[in-house]
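Asker: Letter by letter, the chains look like this.
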Amino acid sequence: MSRQADCDVLVIGSGAAGSAICWRLAAKGAKVICLEQGGWVPPDSVPKRHTDWEVRGRHYWNFSPAIRRGASDYPLTNEGPDPVDCYMFTAVGGSTVGFGAQYWRLLPSDFRTRTLDDFGVDWPISYEDLAPYYDLNEREIGVSGLAGDPTAPPRTAPPLPPTSPGVIGERWMDGFESLGWHWWPQDNAIVSRDYRGRNACVNRNFCAFGCPTGARSSADVTYWPMALKLGVELRTGARVSEITTKADGSARGAVYYDESGQVHEIRADRVVASAGGLGTPRLLLMSGLANSSDMVGRNFMVHVQSLVIARFEAEVDSHAGSIGVVSSREFYETDPANDYKRGFIVAGNRGYSPLLTALQHREWGEGHHASLEHNLNHEASIYVCGDDEPSLENRVTLDRDQLDDWGLPGVRTHYELSDNSRKIGVAAIARGRELGLASGATEVRDVGLSPILGWHLLGTARMGDDPAASVTDADHECHDVPGLFVADGSSLPTGGAVNPANTIQALALRAADRIWDKRHDR
Amino acid sequence: MAFDSKTVGSDPGESFALTRELGHTYLPLDATPPGFIVLDEKRGAALAALADALIPGDRHWPSAADTGAAQYADNSAARSGLQREALIRLADALLAATGAGSPEEAEVAAVAAAVEEEHGALFQLGLELIFEGYYRDGRVQEVVEQRTGYLPTVPVTGMRMDPFDESRLEKVKERPSRVREARS
Numbered sequence: 001m002s003r004q005a006d007c008d009v010l011v012i013g014s015g016a017a018g019s020a021i022c023w024r025l026a027a028k029g030a031k032v033i034c035l036e037q038g039g040w041v042p043p044d045s046v047p048k049r050h051t052d053w054e055v056r057g058r059h060y061w062n063f064s065p066a067i068r069r070g071a072s073d074y075p076l077t078n079e080g081p082d083p084v085d086c087y088m089f090t091a092v093g094g095s096t097v098g099f100g101a102q103y104w105r106l107l108p109s110d111f112r113t114r115t116l117d118d119f120g121v122d123w124p125i126s127y128e129d130l131a132p133y134y135d136l137n138e139r140e141i142g143v144s145g146l147a148g149d150p151t152a153p154p155r156t157a158p159p160l161p162p163t164s165p166g167v168i169g170e171r172w173m174d175g176f177e178s179l180g181w182h183w184w185p186q187d188n189a190i191v192s193r194d195y196r197g198r199n200a201c202v203n204r205n206f207c208a209f210g211c212p213t214g215a216r217s218s219a220d221v222t223y224w225p226m227a228l229k230l231g232v233e234l235r236t237g238a239r240v241s242e243i244t245t246k247a248d249g250s251a252r253g254a255v256y257y258d259e260s261g262q263v264h265e266i267r268a269d270r271v272v273a274s275a276g277g278l279g280t281p282r283l284l285l286m287s288g289l290a291n292s293s294d295m296v297g298r299n300f301m302v303h304v305q306s307l308v309i310a311r312f313e314a315e316v317d318s319h320a321g322s323i324g325v326v327s328s329r330e331f332y333e334t335d336p337a338n339d340y341k342r343g344f345i346v347a348g349n350r351g352y353s354p355l356l357t358a359l360q361h362r363e364w365g366e367g368h369h370a371s372l373e374h375n376l377n378h379e380a381s382i383y384v385c386g387d388d389e390p391s392l393e394n395r396v397t398l399d400r401d402q403l404d405d406w407g408l409p410g411v412r413t414h415y416e417l418s419d420n421s422r423k424i425g426v427a428a429i430a431r432g433r434e435l436g437l438a439s440g441a442t443e444v445r446d447v448g449l450s451p452i453l454g455w456h457l458l459g460t461a462r463m464g465d466d467p468a469a470s471v472t473d474a475d476h477e478c479h480d481v482p483g484l485f486v487a488d489g490s491s492l493p494t495g496g497a498v499n500p501a502n503t504i505q506a507l508a509l510r511a512a513d514r515i516w517d518k519r520h521d522r
Numbered sequence: 001m002a003f004d005s006k007t008v009g010s011d012p013g014e015s016f017a018l019t020r021e022l023g024h025t026y027l028p029l030d031a032t033p034p035g036f037i038v039l040d041e042k043r044g045a046a047l048a049a050l051a052d053a054l055i056p057g058d059r060h061w062p063s064a065a066d067t068g069a070a071q072y073a074d075n076s077a078a079r080s081g082l083q084r085e086a087l088i089r090l091a092d093a094l095l096a097a098t099g100a101g102s103p104e105e106a107e108v109a110a111v112a113a114a115v116e117e118e119h120g121a122l123f124q125l126g127l128e129l130i131f132e133g134y135y136r137d138g139r140v141q142e143v144v145e146q147r148t149g150y151l152p153t154v155p156v157t158g159m160r161m162d163p164f165d166e167s168r169l170e171k172v173k174e175r176p177s178r179v180r181e182a183r184s
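For the protein sequence lines, the chains are A and B, in the order given.
Residue 206 in the working numbering is what sits at position 206 of the first sequence, and the numbering runs on without skipping anything.
Residue 33 in the working numbering is what sits at position 33 of the second sequence, and the numbering runs on without skipping anything.
With the rest of the complex left out, here is chain B (with noise of 0.2 Å):
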């Protein structure tokens, strides 16, 4: 998307890098597999607790971890070599900051504050990853309409369209012509 992230096009920094994999790693809906590629137990684990850490669960909203957003992050950077190797990173980074415990022994949000601020690059390589798990599933899409009314059938299965009401224009018509002559 154009304007989705202030990092996109001029960045020349790891960020762009991780960003510019973006067009070779769409992961199609049908094509989650159940567990991770990239990442092992381990750190799988570590993403999943971060997955949570961004989107936590309440009485309305899945968590992401519910929704496989770090599975999905993972099976999408899959695509990449370099977005492997900084999920890898990032994974890892999580567990350096958990220390000796689990990450859900750890105050999880405070870790991934920290390894936002330390590591910044990867760290929004995850969130955008697992933002996009989120909000492509299903469960979420309908919790997304009850909860605010945006109804996320319409851009694919579209709705009537209402006529322009000419009479709004009544107002506007009265003006006067303010065309610059401009003839040679």
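Bound conformation, chain A alone (with noise of 0.2 Å):
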């Protein structure tokens, strides 16, 4: 075993979170290193770099790693009454390089569930604590959008102004209005104006199969840059196989095996495990770490989300655009009239591409071209995403059937919906299908509830007040483990109904400044 030069923070992961922790710290004058299992991502493989790029999304960069099983992912099997299809991705920047972009802040009731509504957990912080977080996250990235949602607290306006909403997105405003549903457009990871050396989107749309010029803002185009720039030291390749603790039962570091299979130890002040809602839990059960409350793993959620495809007679332009255009938070809240409590988001997004709108339909034989030609530039999705109640049942635990190519146990994951969010997604599809006819739409048709969408791994290494049910406390430092912080999806309590990325960045950025505040603690 060899051994490495001691930093004060090792971060084990280089999404969205550790990314954003890296940069932090550094930026204080810690000196860190970062563990990331994968590597960068070759610029010649983004798929929209090629006019292949929807048979390339099939393969190499299908966004399930149990479809994927590239060489630095992990074996995953979903199982359960509903199974989750899992999405993420193993690289620099992690799963944000293969993200819609889609960027919300989360409301303040979503921090006060328990309270409010009898519905999961309250969070061990409230929106203000994180709202400066947002703030900061927000200038660092690059996001388009705009203030003044009367649906949320006043904030800082986003940096740049809204992305294009496109034809469509003129479709989905007359839609919510002829409703009488509230609408806003919607916050984006993605510069629509040149920021900070990087070039103004130029409308590609699919922005998860890669952005080749960079305006969406995933990780590996915003922090890694700059915290590399401050010295941070990212080490590729390296597959971390246990968290390492001192006799006093604190972090000492973590052990890892390079590309060439050679072990090693880092030890460090502070370990941070950002590795995501699989790769985390994955890693303190590997370690035996963290988990006297048996929560490391449980409470996985994954938000009710489906999506509504509506036809309309005209072109939607559906080769532009990025994904997000205009959404509604008019159902969010509970409402006591309806038989489930909380609530979900509908979103007006772009159109689907030639390969996908062929394999949806489906149809074959004399009608082939006839079906494409009616439905290609003519749809348009609809995406909804509720609020997903967390249960102790679903979980995700560590496969010793199916190892990866070093020994290392894989993931399973255990998913039933629940009554309420079954409730839920049957509520907001049904919504998203009146927007689509509201909007002018002559079909609607939806991919129901099966298999579970699950592009948001949160909640299973919780932060919360409690010991006893809930792994780290509310600046992130396990409760079991001094030394030893967790951020990254799985600190989420509960996950409100928004894609989560900007509140696993905001939380990231508030747990660097609470490590370094509480640097000379111990």
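Treat the hints as calculated values from the structure; they're not laboratory data.
Mimicking EDC-like on lysine to aspartate or glutamate, the simulated pairs with C-alpha atoms at most 16 Å apart in a straight line are:
id, chain 1, residue 1, chain 2, residue 2
1, A, 28, A, 513
2, B, 171, A, 330
3, B, 173, A, 330
4, B, 171, A, 174
5, A, 31, A, 6
6, B, 171, A, 170
7, A, 31, A, 513
8, A, 229, A, 140
9, A, 28, A, 517
10, B, 173, A, 177
11, A, 423, A, 333
12, A, 341, A, 330
13, B, 171, A, 177
14, A, 341, A, 118
15, B, 173, A, 174
16, A, 518, A, 475
17, A, 423, A, 335
18, A, 31, A, 233
19, A, 246, A, 269
20, A, 31, A, 269
21, A, 341, A, 117
Simulated DEER-style distance windows between Cβ atoms:
id, chain 1, residue 1, chain 2, residue 2, range
22, B, 181, A, 474, 17 to 23 Å
23, A, 161, B, 24, 38 to 44 Å
24, B, 34, A, 177, 55 to 61 Å
25, A, 261, B, 28, 27 to 33 Å
26, A, 450, B, 28, 29 to 35 Å
27, A, 40, B, 173, 39 to 45 Å
If you want a taste of the chain B side facing chain A, the calculated C-beta under 8 Å gives, among others:
id, residue
28, 25
29, 132
30, 151
31, 154
32, 162
Model, not experiment: these values are computed from the prediction.
The beta carbon of each residue, even a glycine, is placed where N, CA and C say it ideally should be.
Got two chains here, separate frames each, mind docking them using the hints?
Answerer: Now the structure itself:
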């Protein structure tokens, strides 16, 4: 075992959270090392650099690691009554390299769902605690949007104006207004104008298949260049097998395999697990740490997500845009008239591509071309996302029957939609269909709730005040292991009903400040 | 893609087992050999006939076989042992359903429908790969643009983004604030 240089903070995972933590701590003067299981995405492998980007997206860029099975992915099996189709990337930038860039803030009520609605748990922090970090994050990475949303508290304006709604956005706005629903231009982690040396978005749509120019604010083009400039040492191809502790039970560092399979140990004053909603509980469970509450891996939440697809007689320019356009929080909060608690967003998105359209309609034979001509460039999607109730039974566990290339266990997820979540999903799809028709669509269809779309992997090492019911405290430090922090999607006690990347990064920046502020505590 | 197939992710059966192979079977645009690798001549002809049954040509659109989609399916599946074997079984099922005659002599669409009914997972693999091979073809992308107005070049090269017209917000801005009080 080779001995590596010590550092102040060791961060495991270079994604949305890990990148932000590395940058923030390095900017304060900390010596930071980051271990990333994957590598940099080779520019030429970004699907949207190529005319066959749709095919690439089904193969080596597949969002599901269970299908992609890349060299740096660990085995993943999804089980339970409602198995989740989990999507994530293992690379510098983590899953942001494949995200759609819809970029929301939570609302104040999301932090108090137990008190307000007898739903889930309250967070140990409030919206007001996080608001300055939303501001900071949006400024640093470049977010497009607009202040003034009547469903949100007053906020600092995003640094860039909203992205274009395009032809379809106009339809959605008409639809929202005819229904009398709230709507607002959606925040996107996309630079709508040139920003800090990055060129403005040029309307390529299908953002999850990579952004060739870096207008999408993924972590590899935002925090990482800044962090590296500040001296953060990023070690790619580093597969952590164990977080280690000292005799007194506090964090000591981590053991990892490099790409050749050689074992190394890094010692650090502080260790941060930022490996995502599946990777972080995997790490903690492999290490046998921070689990006196038996909460590690439990409370796995994925949001209640679905898509309604609306077809219009007129063309919708589905080749262009950012994915997110305009959205509504009309049904976000608990309504006593409903038979469920909490709510959902209804988000008008852009259209679909040729291969996807052909595969979705799956019309073959004499009607194939007529089907494609009928639907392609006439369909656009409405994304609905609902609050998912945390449950002890929905969980992530180690899979010792399926090992990665270095003999480390894979992951199994077990998930069942709660009665409340299913009712939210049904209601959200119904509202999405309503919006489609109100916007002028002649046909609507939806993808239902099976399989569960697993873009947002949350809650599996949640923060909280009660050590018996949470893994970390409000400062992200593990109740059981001084000096070990968790900051990523697994930290969220509840998920709200919006895409979580902004919240994950704001939490990460706050965690970095708390780590820095407490650096002399031990 | 996340939501392009109803079988992805949760189906523990053969269809999902075959889908799982996709991660390792990408075939670069410039890597297509002229012929079949996995299938022999007879089986290759059966797959090509299936390709044309799935996506026949007309006065606007090339047929799937014209674009080499069957060869693409074969060459892509060649990268996975499981898919190779499945493609051979699919071709054999097509030939068996055809009876003694060659696929060209049979009513290919009816044969394809019978195979879909009997061998759903194999048929789905063939369909997905043939669709892939077809829509990645440059000639097809040109017709897509002509016939649908969808511009295949835009996701790759981009186009100007117009600004958001904030005057559209006049109505919604008038709505009263509805932020729920949540301070502890």
